[in-house]
Structures are given as C-alpha cells and as structure tokens.
Amino acid sequence: MPPARAAPPLGECLRLLLFIGSVSVGGGRAMIALVEREMVQRRRWLTPEEFADTYALAHVLPGVYSVNMGAILGYRWYGALGGIATVGALILPSFLLVLFMAQGYAALRDVPAVRQVFGAVGAAVVGMFLAVAVSIGRVIVRDAAGAAIVAAAALGFAALRVHPALMVVAAGAAGYLIYGRARR
Amino acid sequence: MIFLLGILWTFFKVGAFTFGGGYAMIPLIHAEAVEKARWLTTQEFLDAIAVSQVSPGPFAILATFIGFRAGGIPGAVMATLGIFLPSLVAGWGILRLQHRFKDNPVVAAVWAGMRAAVVGLLLGAVVRLGASSLHGAPAFAVAAGAFAVALLRLPPLAVLGAAAAAGLVMARL
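In the order they appear, the protein sequences are chains A and B. According to the working numbering, the first sequence holds residues 6 to 189 in order. According to the working numbering, the second sequence holds residues 2 to 174 in order.
With the rest of the complex left out, here is chain A:
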C-alpha cells in the first residue's frame, strides 16, 4: 500500500461524507462512485491507487464494502475515534431517512413517478460506475498482465458470478506470481 499522505481536514471530510450519505440513492455503488468522484478526481485526497487498494481491502473484510471503505479511510486518516466518526457520518442520513420512511412506506411504493425517478438514477449510477472504472483503470493498468487481470476479474464477476472477495484474493495471488517473482 502506498504511503498515506496528510489527512484531509476532519470537518471537511465529515461534511462530505454526510453529503454523500444524503444523496447516494442507488446504494453502496452510488456511494462509492461519489467517493471516487469527490475524493480522487475533485479533491485529490486519495490517489487512484489508494482508492483501488481501499476498495479491494473493503471486499475481503467482513461487513458491507461501502461502509468498510469509510471505516478504513477514517481509521487511516484520524485514528480509532475518527473511523467511528466517518462511518457515523456516512450512515446517519440514511438511518434517519429509513426511520422516517418506516412509517409511511406503503404509500411511496406504488407511485409511478417515484419508480421512474429511481429507475433513471439507477441508470445514471451505471454510467458513473463506468466513469470510475475508466479513470481508475487509466492510472492502474500499465502492462499486459494488469490488463489480463482486469479482463479475468470483469469476466469472472459479470459472467461467472464469482464472489468479489474470492476474485480479489485470486488476483492478489496472481500479482504475487507475476510481479513478486520478477522483482527478485
């Protein structure tokens, strides 16, 4: 893992995570797309490599990967209490909203406009995820072996439905065989 740089200001980070937690309709993928857009592309708090490392790690740890990413970044930047704060900021908006919706959810479900809006947002998340893959991949994939791992992981996940955690572990082993030996 590349060396961590200076942590972004805690207040600004918490504000951003509260914001992402409030607007990330579309679940964990929307959250991650927003984290990458805001923290890697716009604010440069993370390099694409650091983002990818955190994403990989979040998949092999127990827990939901989007929240794992928040925990990993919070701990790394601000220590134990900071990790708890970042996770809290990430889930607080949806916690409050779900509590609110738990009362009147039945009314929401069958409104066609609601379904259309969420359908469109879901489609936008697909596009945003592709943008994340392109901008991260542009930096990370530097040789044929890397491209082969990308292809294998994409195929394994999309067509064969291999579990992402297994894929990350297998790719780690492939990385060891390809890069670890060449270097010695």
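Hint data in this document are derived by calculation from the structure and do not stem from the laboratory. Just so you know, even glycine gets a beta-carbon here, dropped at the ideal spot from N, CA and C. Careful, some of the hints might be misleading.
[Claimed, not checked] Distance windows between CB atoms, simulated:
no., chain 1, residue 1, chain 2, residue 2, range
1, A, F24, B, D104, 27 to 37 Å
2, B, I74, A, D148, 51 to 61 Å
3, A, E17, B, L155, 18 to 28 Å
4, B, A32, A, L171, 41 to 51 Å
5, A, L182, B, G162, 18 to 28 Å
6, A, D148, B, I50, 36 to 46 Å
7, B, G73, A, A85, 22 to 32 Å
8, A, R120, B, D104, 29 to 39 Å
9, A, R47, B, L169, 23 to 33 Å
10, B, L158, A, R120, 34 to 44 Å
11, A, A153, B, F4, 47 to 57 Å
[Said to hold, decoys possible] Facing chain B, from chain A, some residues (calculated, C-beta under 10 Å):
no., residue
12, P13
13, L15
14, E17
15, V30
16, R47
17, Y60
18, Q108
19, A129
20, M133
21, A157
22, R166
23, Y181
24, L182
[Said to hold, decoys possible] Far from chain B by the CB rule (all over 12 Å, computed), these chain A residues:
no., residue
25, A11
26, P14
27, L19
28, A35
Given the coordinates of chain A, work out where chain B should sit on it, guided by the hints.
Same frame as chain A, now just chain B:
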C-alpha cells in the same frame, strides 16, 4: 434489554458473515429476522427491501427498518449498530496490521494484482448492474450522459439530479 441485545447480536452476525455488497445479506436477514425471530412477515420484509432501495446510503440500512419494526427506535439503533459493527472492528484491525507490511515487496506485488482486479470488478459491476437496470433507449441515454458528465469531473450531484429530472420527464410522457 435482553431483547434489544438479541437484535444487536442477530445483526452483528449478519454483518460479520457478509463480504462485498449489502444485497448478499438478504437471504441471511430473511432467515434470522423473518423465519427465526418472526420480527416481520415476508411481505413486510419485501417492503423493507423496497424502502432500503429508495433510501440513499448503503442498502444494509435495511437493518434499521427491521430493527424499528422489531423494537421501535431502540431496536433500530441496536440493529444499525449490529450490522455496521463488523466493519468498524475489521477496519480497526487492518489499521494495526498495515504498518507492518508497508514496505514489503511481496505485499506490494500482491497489491498490484488486487488493484487490477478492482478495475475488473468495477467493469463487471457495470455489466451486471446495467443488465438489470438499463431497459430501453432512454435508460441507456441517461447512463451514457452520466458517464460523459462524470468523466468531465462535474459535481456528481448535478449528474444524479439531472438523472432524477430525466426520470420525472419520462414519467410524464
């Protein structure tokens, strides 16, 4: 109190055995909350899924809804703590370990492989998510527009807002 701790423990178990996305939790939560504890019916469980899908934030917020049905606000707090506690514990453990392996060349090689897999996983997710949510030309247009706008580094909220507006317009047509 024992009842509330039961909610905490149930969702902690679910969180600890989940790797990857929140949707993987659905069968586990169904078994624990509907079949075993009978906190809600299967129909209510489907409603809980629908609410969690339209809510921003992680899908695992499903736990909050079910905790609320089981034990009101205290139940919701316990369920939410339980489902996200494994992330906090695991993330903390990893922080302790990381310093030790920072400059190890073998670890660096392993990371290089895993990083490439992340790009593949992102692309794979685009295919899987696209197959389930891109129906018809308008949806493809929205996805393509979001892709282009996101690459231009415009604020993501503008992307999501424009998509929501497009959805509203389509609903009117």
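Hints versus structure:
no.: 1; hint: A:F24 with B:D104: 27 to 37 Å; result: holds, 35 Å
no.: 2; hint: B:I74 with A:D148: 51 to 61 Å; result: holds, 54 Å
no.: 3; hint: A:E17 with B:L155: 18 to 28 Å; result: holds, 20 Å
no.: 4; hint: B:A32 with A:L171: 41 to 51 Å; result: violated, 22 Å
no.: 5; hint: A:L182 with B:G162: 18 to 28 Å; result: violated, 46 Å
no.: 6; hint: A:D148 with B:I50: 36 to 46 Å; result: holds, 42 Å
no.: 7; hint: B:G73 with A:A85: 22 to 32 Å; result: holds, 30 Å
no.: 8; hint: A:R120 with B:D104: 29 to 39 Å; result: violated, 52 Å
no.: 9; hint: A:R47 with B:L169: 23 to 33 Å; result: holds, 27 Å
no.: 10; hint: B:L158 with A:R120: 34 to 44 Å; result: violated, 21 Å
no.: 11; hint: A:A153 with B:F4: 47 to 57 Å; result: holds, 53 Å
no.: 12; hint: P13; result: violated, 17 Å
no.: 13; hint: L15; result: violated, 16 Å
no.: 14; hint: E17; result: violated, 16 Å
no.: 15; hint: V30; result: holds, 5 Å
no.: 16; hint: R47; result: holds, 6 Å
no.: 17; hint: Y60; result: holds, 5 Å
no.: 18; hint: Q108; result: holds, 9 Å
no.: 19; hint: A129; result: holds, 3 Å
no.: 20; hint: M133; result: holds, 5 Å
no.: 21; hint: A157; result: holds, 7 Å
no.: 22; hint: R166; result: holds, 8 Å
no.: 23; hint: Y181; result: holds, 5 Å
no.: 24; hint: L182; result: holds, 8 Å
no.: 25; hint: A11; result: holds, 16 Å
no.: 26; hint: P14; result: holds, 20 Å
no.: 27; hint: L19; result: holds, 15 Å
no.: 28; hint: A35; result: violated, 7 Å
Going through the hint list in order, the structure does not satisfy hints 4, 5, 8, 10, 12, 13, 14 and 28.
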